[in-house]
Structure formats: structure tokens, C-alpha cells
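Sequence lines, in order, name chains B and D.
One point on numbering: in the numbering used here, the residue at position 216 of the first sequence is 216, and numbering is uninterrupted.
In the numbering used here, each number is its position in the second sequence, counted from 1, plus 441.
You may find that some hints are simply not true.
Across the chosen pairs, the derived CB separations fall in these ranges [to be verified]:
{"#": "1", "chain 1": "B", "residue 1": "VAL180", "chain 2": "D", "residue 2": "GLY634", "range": "49 to 57 angstroms"}
{"#": "2", "chain 1": "B", "residue 1": "LYS163", "chain 2": "D", "residue 2": "VAL621", "range": "53 to 61 angstroms"}
{"#": "3", "chain 1": "D", "residue 1": "ASN774", "chain 2": "B", "residue 2": "VAL180", "range": "17 to 25 angstroms"}
Listed next, the stretches of chain D that the computed footprint assigns to chain B, with coverage defined by at least 3 CB atoms under 8 angstroms from CB atoms of chain B [said to hold, decoys possible]:
{"#": "4", "stretch": "519-533"}
{"#": "5", "stretch": "579-588"}
{"#": "6", "stretch": "648-656"}
{"#": "7", "stretch": "692-705"}
{"#": "8", "stretch": "754-767"}
{"#": "9", "stretch": "792-799"}
{"#": "10", "stretch": "826-835"}
It should be emphasised that the hints constitute simulated quantities derived from the structure, not laboratory data.
The beta-carbon is built from N, C-alpha and C at its ideal position, and this holds for glycine as well.
Chain by chain, the residues run as shown.
There are 2 protein chains.
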Amino acid sequence: MSETNSTDGYRKVHEEPHKKVIRNPYGPNPGDYLSNVTSFQIIESTLREGEQFANAFFTLEKKIEIAKALDDFGADYIELTSPLASEQSRKDCEAICKLGLKAKILTHIRCKMEDAKIAVETGVDGVDVVIGTSKYLRQYSHGKDMSYIAKAAIEVIEFIKSKGIEIRFSSEDSFRSDIVDLLNIYKTVDKIGVTRVGIADTVGCANPRQVFELVKTLKSVVSCDIECHFHNDTGCAIANSYTALEAGARLVDTSVLGIGERNGITPLGGLMARMIAADRDYVLSKYKLHKLRDLENLVAEAVQVNIPFNNPITGFCAFTHKAGIHAKAILANPSTYEILNPADFGLSRYIHFASRLTGWNAIKSRVEQLNLDLTDDQIKEVTRKIKELGDVRPLNIDDVDSIIKDFHADIHTPLVKASDGPSVDSKDDIMLDNVKRPKLN
Amino acid sequence: MSETNSTDGYRKVHEEPHKKVIRNPYGPNPGDYLSNVTSFQIIESTLREGEQFANAFFTLEKKIEIAKALDDFGADYIELTSPLASEQSRKDCEAICKLGLKAKILTHIRCKMEDAKIAVETGVDGVDVVIGTSKYLRQYSHGKDMSYIAKAAIEVIEFIKSKGIEIRFSSEDSFRSDIVDLLNIYKTVDKIGVTRVGIADTVGCANPRQVFELVKTLKSVVSCDIECHFHNDTGCAIANSYTALEAGARLVDTSVLGIGERNGITPLGGLMARMIAADRDYVLSKYKLHKLRDLENLVAEAVQVNIPFNNPITGFCAFTHKAGIHAKAILANPSTYEILNPADFGLSRYIHFASRLTGWNAIKSRVEQLNLDLTDDQIKEVTRKIKELGDVRPLNIDDVDSIIKDFHADIHTPLVKASDGPSVDSKDDIMLDNVKRPKLN
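In isolation and in its complexed conformation, chain B is listed as follows (with noise of 0.2 angstroms):
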């Protein structure tokens, strides 16, 4: 560590490039033993909490074209509506089950003995049985105490593990519910021998740090894997997710774009995009992230909605930067700005330079990339002019390059054409393009 004393009294520590290894910022706190953040996996229930979206309504066709999709994609697990919602459900069940996916099927059911009876006749690889333990919930829901919900777990969970197959148990509604009655029910169902149990936040307003606190708990009484289930009424699914990782939980429900009841769950890609923040050799092992955007375009026709303009990595803006002290830094080096390499997920990055906020470094590229020939100074007064035109009305690309080209040839003889430089499409990485109107789909 180089360490100085400068003149104006300020310590000045650091102030070299480092030599050793540089650990990433972002990366898993070295101080969480239990930390599964390299080690997650994604049970996707678009096909479950999805279909209780507002807008879903899939076909057996539809739902084999997505489950292969999340297939190919490497989820982990497929969650499946309950066979016994309608009887269409249960045939879509059994015949995504014949599919032969890598993916495990799994189905979700209310915790009672005629629900799991049909589940394991489905061919599913298991169950995910679900109850509601807060007060809320067993006075205006199911209307049982915590005794009967021990008995009627057990019962449900010995007959489907008797079938040899997966079996999970989790408590809805969990960050309401009594601390005291979940650990007691999780510590049951542990030692009978469940698969995993989860933690749902049925109402979507748990936080990150409460999170934490109850994984951390939950990890310390049982010795199964803790999976999290966590809606986005305030916004928090993916961060509560990322902190439940951190804390022991080791599997994420995700749907794609977060569909689900109401504002819905962890969406698939913004999980993407948080995890690859941190290992993003272990997302990138598992996770064929460069099919994100077909896949969310797959979903997003069917339920008709847009894929949202402030999406993580996949909105039309993700990779676009526009201020001119962004770009100067851009340009000069990307991971100035930018953690998430857009080619990760087969996507471009894009300097936005048409507006009152560009710099003359984005300019100066957009020159370069038109091939013509001005200085520093001159790219400074070209940059001025375009700053005008943009104080006035929105800009367009064409609108830029022909100021940039007017000026040029009022220095040169005789004008070089736009067409005599190398397509602005020959430029791989950083491209420079005009933004005007998202691009839905």
C-alpha cells in the first residue's frame, strides 16, 4: 500500500494501481459462511404463479413452448400449476411431465391428502405442498390451527415421499406468521425428511435485512435446503432474494418477467442480472443468458403486456448512456459505468449523443465512425452547435450527423459523404444509435 503526504494536508492512500488480484465489489460477503450466492438454483414457476398473472391464459401448446424454452434456458426446476385447479390442468401436468425436460417437474398443492393424491399420480418429479401459517391466513383462509396443520403436513408429506419423490413444505404468508409456530413446523417437517422447505412473502412487503434474519434462523434449525419464494408488491423480490441467498436459502422461485398474483414475483432476468453482478462465472455455467430476451418475448406475447421500457438488461435502454460525462467514460473504458457486459446476454451497448446533454468525446467517436477528419477543438465547436439544435427539440441521429457533416465541409473540399465511411453497423461494441421510442418487442 502506497501511502503519502501531500502538500494541502490531504492523506493520500492507494493512490497506485493495485497489484494483487482486485476482489469484485459485488461479489458474496467473504463473512457468510452459509452463503449459497455461487451456488443458487431457480425453481421457475411461470407456469405456476405466472398463470395466476392477470393477463395468462396458456394453451397445453403454449405451456410445452415455454417449459422447453425455460428448459434450454437452464432452470433448474419447472413449477406447474396444481392438477387439481381444472381438469385441462392436470392433462397439461402429465404431458409436460412426458416431455423428458433436464428441468425437474414439480407441481404445487394445497397441504391435504386428496391434493397429493393426484400430484404423484401426474409423473411429476415432486411436490411443492404449500400452507398458510400466519393468523391471517388460518382465520380467513383455511381456517386451521398450528396442531392440525403438524398432523395434516405429516401425513401429506410421508405418503408423497412414500412415492419416492421430491417433496417440499413451506409456510405462506411466512414473515407474518409466528416465529415460534414456523420454526416448531420446519423443525417437523426436517426431521421426517422433507427435500426442502421454504419461506414465502405471500404479501409482498418483506425487506432485506428481516430476510436475512429469518433465513439465518430458519438455516440454523434445519438441515435441509431453504427455498424463497418473495413478491414485488414494494419492489424488493429480487433484492429479498439475493439476501436470502446470502443468509442459506439456496433456491429462488423466479418467474419470467416476474408474472404472478398481482405485480407479481422475482422476475427470471432481473435475477439474471443481479447474479451475474456477483459470479458471474457460475451464472454464466449454468444459465444460457444470451436466449434471456427470446424467452421473455416468448412469455410476454402470451400474456400480451411489453416487456417494460426500465427492464433489467432486456428494457430497450439497459445498455444506453447518455450524459456526456457517461459516455466520455464509456468510451475510454465500459466498466466505468457498467458492471454488466451486454454481450453476456447477446445484446449491445449504446452511447445515446443526440441531445443538449452530449459531451464532444461522444461526439468525437461518432466523428471517427463517420471517418471524417476534425480536431479536438474543432469536434468542441461541432458539439456546441448540435448542444443548440438540442436546446430547441428533440434530436435525432440524422439530425447530428448532418450538423457534424455540414461543418465538416465548410472546412474541407470536397465533402466526404457518410457513405464513403464504414457502416456505423460495422462497429461491434460500441454502438452509436439514436433512441427515440422504445422498442416494444
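Mind docking chain D on chain B? Use the hints.
Just chain D, lined up with the frame of chain B:
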């Protein structure tokens, strides 16, 4: 606390409703002594960060309209684009300062005397100064070392202070900055007497516990307020903002719909959802939440985007419940599946009953709304018929009503027409609706 031993050996605890006042499980953690969750403030940056959104071009008229709407909503501060960005940017800043809004007006500049001199002449109530402190930005953006940064900061801060207005000093890319560098510079500027210091997750990759640690540490070094600025590349901006408040930060930068560089920053509406779950009284006392939807529509229209289908609060299905098991409990007591009260935002709750996932409780509610007379067994029978049709194709409200009415007609004579019953719209709280397509804006 009641405790009994049930026959199956499962310990039964807390089975009776608690008589004591129940603590909000999503409220502030009583162990966070420095928390500002119940005393936070908003620095609304739609007119600064938001102008860096790819699609943004705001005329002065639009800026004034947005500034007034933000002021009316209750924003504590409104931050504007640097007057150095362009000539019109300077004029816009001056014009908004003259509006006489309740909110304090800020502008945002580089840590340079040339910027500061122009900023203080615009009439703003305060200046937000920012400089990159990570080695990435020091190398690829401004090229200065920490000693230079400290010297520049002192000069700029002393100058702005001499004008009697607020001054914030923020690092940029704080989470990739050397912690010793950071604490040194913050301690220096705190001693000079800045109004507040800011931290910024400029690349949008910080996670909540990392945020908590940095803010907690910073809080032990400075005596002034702490402001935080979170980008949303990995979907954690809202959670990070909340966690920063828990650790002692006081001010959160937001923009309407989160618009900003790339996929943006902490969205105002999403943060309101997060905060109202923690302290409803404080949020309702300060912010006009029923204006949120209009505010979002205003900005969405100005930048030509749709409200994301999954937007917290105002997404078209944020208060839509679909699965039969959910609908049953929601009808009995809305807080079973909903902490946020849609009425707080001037919105309504919907039970989506026209699908194969519906349950007989939801259909019963519909039967009652149609003023028809069916027994529970009959309702279960008609629910079965509705699910059968829902297996074949998407249903709309008319499909379901037809099935119910035909079924009713087969039992009763004469047929009770729907028009004989009360209008569905006359039910005020629990609205039953069929949501077929997103209501974009």
C-alpha cells in the same frame, strides 16, 4: 401466551388471537437506533437524472408542469440538470427557481469552480456537487487523484457556502471506491460544514447488506445528513434505498418511474410502496399518494413510455387477485393477501374470477353482486362449469355471467335479469372485474 400440548405431540403456541397491540411486522427494526425509515426525505430527480433517460426531452413548459406536480405531491427537494449542460438548461433552472414552490430547488454540478459559479447565480436553494472517486472514474473520467479531489472539493464547498445556500458533496461510484479514500474525503467535507454528503451506486450493482455497512460506517464518520442515489441495473434500487435509511441515511434520490441513465434509479412510486408498508402514517402525512398515478402518467407521456405492467401500485394488475385460494381470503379480509391499501392511492382492488383458476368463493361473491339466489352447493356446481369453459379458452366477465345466469335460469323461473340487480360499479370496495388486456396508462 397460551400454550397447550396437543395429542400429536406438536407444541401449540399462540393459538389465541393476541390481545396486545400488534407491531407492524414490516415496520422499522427497533434495533436500528440510527434509522430514518420514519423520517426520510425525497430528492426528486426526474428533472436531472430523468433528463438523462434515453427518451427524455423536456421543454421548459413540460419541466414547469412536472416541477409543479412534484411539488404538489410533496417532494422535499427537486433536482435540476446542471446549468452548464446547455444554454436552455440554465434558463430552465432559473425559471423553475422563480416559481416559488414549497420544495427546495437544487441543481447538480461537477466539482469545478466554473460550474459552481454559474450554479449559484441561477437562484437555486442548494447545489449538489459530485465527483467520481473510484479508480475507474479517476482514471477514465476526470483523471484526478484523491488529493486533487479534496482540494477541489474544499474550494467549491467554501464558495457555495459563502452564498448561504445548501451544499451536498457526493462521491460517484461509491461502492467501487477505496473505503479509506471515501471516509477521508467525507470527513474533510463534513468538517468544512456541508449540508449533507451523498453516496451513489452509479453502476447499479450494490446489494442491500453492502449498502447497510457503508452507510453505517459513514454515519460514524460524519455529523451531517446522508443522501443516497441507487441505480437499478440489478433491480435492487428500492431495497437499497430502504436499507440505507435503516442504516441512518436520511434522503433518497428518486425519479418518477425511475427514469434515468440506462434503466434508471429508485422509482418514486415504488419507494412510496416500500415506505408505506413500513410507516403508513408518516408517508400519508407527507405525500399526496392519490396524485401518484397522474404524476406517473404525466412523465410517462412526456418521455413516450408505457407504465410497466408490473409497476408497484399503478401497474394495471397491482391489486388484482386471481387464484381461487387468494380470492377466498381476500373476500373475507383484504389484508390476508394485501398490506398496501389501494384506497390510499385512490385505486381499487379487483378479484379476477373469470379463469380456470377461480374458486367458488369468488363466484359466490359474483352471484351476490348479480343479486341471484343460489345455494353453496349450486355455486360449487356452477363454478365447475366455469372452470370447464376456462380450460378451453380465455374467459371474460360476460362468459362467466352468462354461465351463472343460464344455470340460475335452469333452477328458477322467471329468469332474473342482470339489470334487475345493482350495478357492479356500485360496489365500492371489492370490485369484481375481468382484466383481459393491460390498461396501458
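Evaluation of the provided hints:
1. VAL180(B) - GLY634(D): 49 to 57 angstroms: Since the Cβ atoms of VAL180(B) and GLY634(D) sit about 50 angstroms apart, the hinted range of 49 to 57 angstroms holds.
2. LYS163(B) - VAL621(D): 53 to 61 angstroms: At roughly 59 angstroms between Cβ atoms, VAL621(D) and LYS163(B) fall inside 53 to 61 angstroms, so the hint holds.
3. ASN774(D) - VAL180(B): 17 to 25 angstroms: 23 angstroms, holds
4. 519-533: This one holds; 6 residues, not fewer than the three required, reach chain B with a Cβ under 8 angstroms.
5. 579-588: holds (count 6)
6. 648-656: Coverage by chain B holds here, the residue count being 5 at a Cβ distance below 8 angstroms.
7. 692-705: With 7 residues in contact (Cβ-Cβ under 8 angstroms with chain B), the coverage given for the stretch 692-705 of chain D holds.
8. 754-767: holds (count 12)
9. 792-799: holds (count 4)
10. 826-835: holds (count 7)
In the structure shown, no violation is registered for any of the earlier numbered hints.
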